[in-house]
Amino acid sequence: MNWKSHNSSVLSFLPLLVLYIAVVLVFSSNVLEGDEFRHLHYAENLIHGFYTEADNPELLNGPGYPLVLAPFLAINSGFLILKLLNAIFVFIGVVYFKKTIEFFAKKKYAIIFAFLVGIYPPLLRYMPLIYSEPLTFMIVCGLLFHVFKLFRSEKLNRKQIVIISLYIVFLVLVKIIFLQVIGLSLLILIVLFLWNRDRQNIKIALVLVGGFLLIVPYLMYAYSLTGKLFYLGTGGGEILYHRSTPYENEWGNWFSREDVLHGNSEDFKPDTVYENLNQLSVNHRKIYVELEDLTFIERDSAFKAIAIENMKAHPGKYLKNTISNVGRFLFHYPFSYRNQNMAAYGYLIPNALILGLCILCIYPFLLNRRNVPFELKAVMIFYLIYACAIILLDGRGRNFIIMVPSLVLFFAYIYTNTVKITLLKPREEKQQTNID
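Residue 146 in our numbering sits at position 132 of the sequence shown, with consecutive numbering throughout.
Some clues are possibly wrong.
[What the hints assert, rightly or not] The list that follows gives simulated cross-link-like pairs (lysine to any residue, SDA-like), each with its CA atoms no further than 20 Å apart:
(1) LYS163 - ASN215
(2) LYS331 - VAL296
(3) LYS242 - GLY197
[Said to hold, decoys possible] Now the in silico label distances, taken between C-beta atoms and shown as ranges:
(4) VAL296 - PRO348: 50 to 60 Å
(5) ALA403 - ASN382: 23 to 33 Å
(6) SER238 - TYR261: 12 to 22 Å
(7) PRO378 - LEU398: 31 to 41 Å
(8) ALA358 - LYS334: 14 to 24 Å
(9) ALA403 - VAL230: 16 to 26 Å
(10) GLY63 - LEU170: 34 to 44 Å
These are computed hints drawn from the structure, not numbers from a lab. Idealized CB from N, CA, C, for every residue including glycine.
Hey, can you work out the whole structure from these sequences and the hints?
Written as structure tokens, this is what we have:
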């Protein structure tokens, strides 16, 4: 590693680190919300030597983020320290991203694009929360850097293969949906290898297989609890149930058990973003009550069965819900029973800009596809598989954060390597002179 260049990268982005710390200090609250309860609950379990109860396991997310939180909770560091970790995660991610762009573009472009990613509004939105998005951002950016570094070497760099495999494991442990993404990616690679035995495909296969092998211990742990192979989450059935909702006034976004069971109670106060949830309870409370006595695994299976029936009985409505899910993934809109406010623009404007620029890059990409690095195409396919998977499950604006580094990387490459912009000077008017 060029330490002089590394130190220069760190110093260039110190203003961003100051911004991140300021965001955490100004907007942090001592009142927990949403997923914060869940992450802290699992972290507390890890401190006591287990992840979830063996007699009735509840696996709502992987242990990646709770593993990071657990040591700090063990020493009673306080919630503010946990949130300041987000500033460090994102800062490291931005430095990684800048160094990735330097593989194919000048330093000045790398700094500009890295700064644009570093001030991405939805990323700043989750900075003061004990959510896994900042950590995931760092993992994604680190993964991009090491993938590009692997393919810049003519030889098979075993060290980089191991590092990338570790990043993939960490990604799966934080966002369990990537286990399915890895599986689908391997299937695509098998087809590509049978069609064209490119050595580059072998490199990608090695890191994916390496990541899969390293995740086996956790898969075995989950199997010991659930009795099911490749089963890492007990919350997917409930999400699919709401995704398949047949009611015209609902758009397929997930609601918590408390929202459904108590939404029609005068004493229940829903999240401030929601309007009255009486109708939600009317539509779904009966089913929730019927499933109340089941274990988490049994309830997950029951919700999946009901979701499949809804999809079969109301295919048109399921299509509408899927289109709505695309909107939630890209623009964080629409949501059922939710009050609309100006916060929606924090997702809509930057995401529309990123998507618009990437769409403009499609034509020059197709014209120059043979010259585009294999690793960039592989990364884009990997995250497009993720996008399709998350849209079928639970699309929302914060899930799009994972896509942002790869999309900006794609635009940065096309802009700096395949598009040539020239400014044409206006034609000089010919001066006519009259000769007497």
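Inset, instruction - Check each numbered hint from earlier against the structure, then list the numbers of those it violates in ascending order. - result: 4, 6, 7
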